[in-house]
Amino acid sequence: MMWFFLVSDAFTFGGFLISYGTVRFSQNYWPDPSVVFNAFPFAGHANLPLAFVSVMTFVLILSSVTMVLAVHAGHNRNQKEVEKWLIWTIIGGLFFLGCQAWEWNHLYFGEHPTVVSGHIELIGQATNINPWGELVQGKALTDALNNTSINTLASVVSENHLSDMSHAQLLASQKSELVNMIANSNIHIRETGPVAFGGFFFGITGFHGFHVFSGIIINIIMLLMTRANVFERRGHYLMIEKAGLYWHFVDLVWVFVFMAFYLV
Amino acid sequence: MEQASVISPEITFEHHQETSSFKKRVIKTTIILSIITLIELALGFTIYLLHKGATPPSYSLVLFLKGVICILTMLKAYYIVSVFMHLGDELKRFIVAIILPMLLFVWFIIAFLWDGSSYRNLNNTYNKYFYETTMPGKQTIEKAVPLEPAGKQ
Chain X
1040 MMWFFLVSDA FTFGGFLISY GTVRFSQNYW PDPSVVFNAF PFAGHANLPL
1090 AFVSVMTFVL ILSSVTMVLA VHAGHNRNQK EVEKWLIWTI IGGLFFLGCQ
1140 AWEWNHLYFG EHPTVVSGHI ELIGQATNIN PWGELVQGKA LTDALNNTSI
1190 NTLASVVSEN HLSDMSHAQL LASQKSELVN MIANSNIHIR ETGPVAFGGF
1240 FFGITGFHGF HVFSGIIINI IMLLMTRANV FERRGHYLMI EKAGLYWHFV
1290 DLVWVFVFMA FYLV
Chain W
25 MEQASVISPE ITFEHHQETS SFKKRVIKTT IILSIITLIE LALGFTIYLL
75 HKGATPPSYS LVLFLKGVIC ILTMLKAYYI VSVFMHLGDE LKRFIVAIIL
125 PMLLFVWFII AFLWDGSSYR NLNNTYNKYF YETTMPGKQT IEKAVPLEPA
175 GKQ
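Listed in order, the protein sequences are those of chains X and W. Taken in order, the first sequence gives residues 1040 to 1303; the numbers are from the numbering used here. Taken in order, the second sequence gives residues 25 to 177; the numbers are from the numbering used here.
Some hints could be false.
As the list claims (entries may be wrong) - Within a straight-line C-alpha distance of at most 27 Å, the following computed BS3-like cross-link-like pairs (lysine-lysine) qualify:
1) X:1119 to W:52
2) X:1281 to X:1123
3) X:1281 to X:1119
4) W:48 to X:1119
5) X:1123 to W:47
Worth flagging that the hints you see were computed from the coordinates, not collected in a lab.
Put together the whole structure using the sequences plus the hints.
If you want it as structure tokens, here you go:
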């Protein structure tokens, strides 16, 4: 029965990913993933495209491997081994969820200077707006900078370390100076990107994250049942097998989410 | 294990794998999956570098690289399903029962991506506003002036 549930779940995820594909194909412009996902914990503003998500991917693959080992230990009715590998699988799942929490937090609360209706605002990626549009350059950029409040300009300058002055000193300086500092720097200022991007990203990775979460809960229950000798008394570890199928499915879905959002 | 099929009617296959051969198979699959992932990342990074270059990259080259990534993803899916989920060891009819519905995805993907791109083409042909405000490289000075909110889809 687990297999038939997984078939139906595959269609749910497939439907989500294909609707994302449809909307993406209907747009002339779509953000480049290596622009969106280029941050790494504790690395500040360093531009590290795809680095963090590859860590997440490897963690999930490895947790799938430990699950295979747990299932195999179950076949051999080796209770200690089952417990050990289940614990490693749970740790892998929690690590993945932690990474995702960091990534969501970083994207949602990030402050990217973005041209919104002719002036610059500091925005993050939400479901109604995102900073991943086309690059703004030349006269369009200077116009937008001139329309922006001095407070925002000072924040952009100090965030990107374009000047040695403190934020308060920057606020006291001439607006044209700040405009020049930003216009002459190599920081990327973009327009707002396709609105649908945020909803699809948070929706699909969130739905997958929820599957990881329920997988962890299932694995914890399996661990407690193993500890309580339930499977030993039953004479077989088939439940571990089914939990394993679900866990591998979660890994399988990530393979496609990873491709759709981060690679292509 | 002999009486397992009596205990649960859900068992559709029997495992008689030696621990050593099983370990070998798992390690081999893990290495294959890791290598495919690394190749995918390298291709993703190549696309990034192509976009970063002074001239915009050739459309068909980027499309080709993305196609290779999609094929590698299918390969990864195959290894996960057939080895980790050991669908490959199941009864043949069971495999068919799982794979056959999945073939619907072939139609599903083609139809809906086609739909999306046809929507874009129609929009670009008949909706000049859509074309001028969203086509990359068509950026004009007027674009910096507030365009509200009709430009948002």
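Cross-check of the supplied hints:
no.: 1; hint: X:1119 to W:52; verdict: holds (25 Å)
no.: 2; hint: X:1281 to X:1123; verdict: holds (18 Å)
no.: 3; hint: X:1281 to X:1119; verdict: holds (19 Å)
no.: 4; hint: W:48 to X:1119; verdict: holds (21 Å)
no.: 5; hint: X:1123 to W:47; verdict: holds (16 Å)
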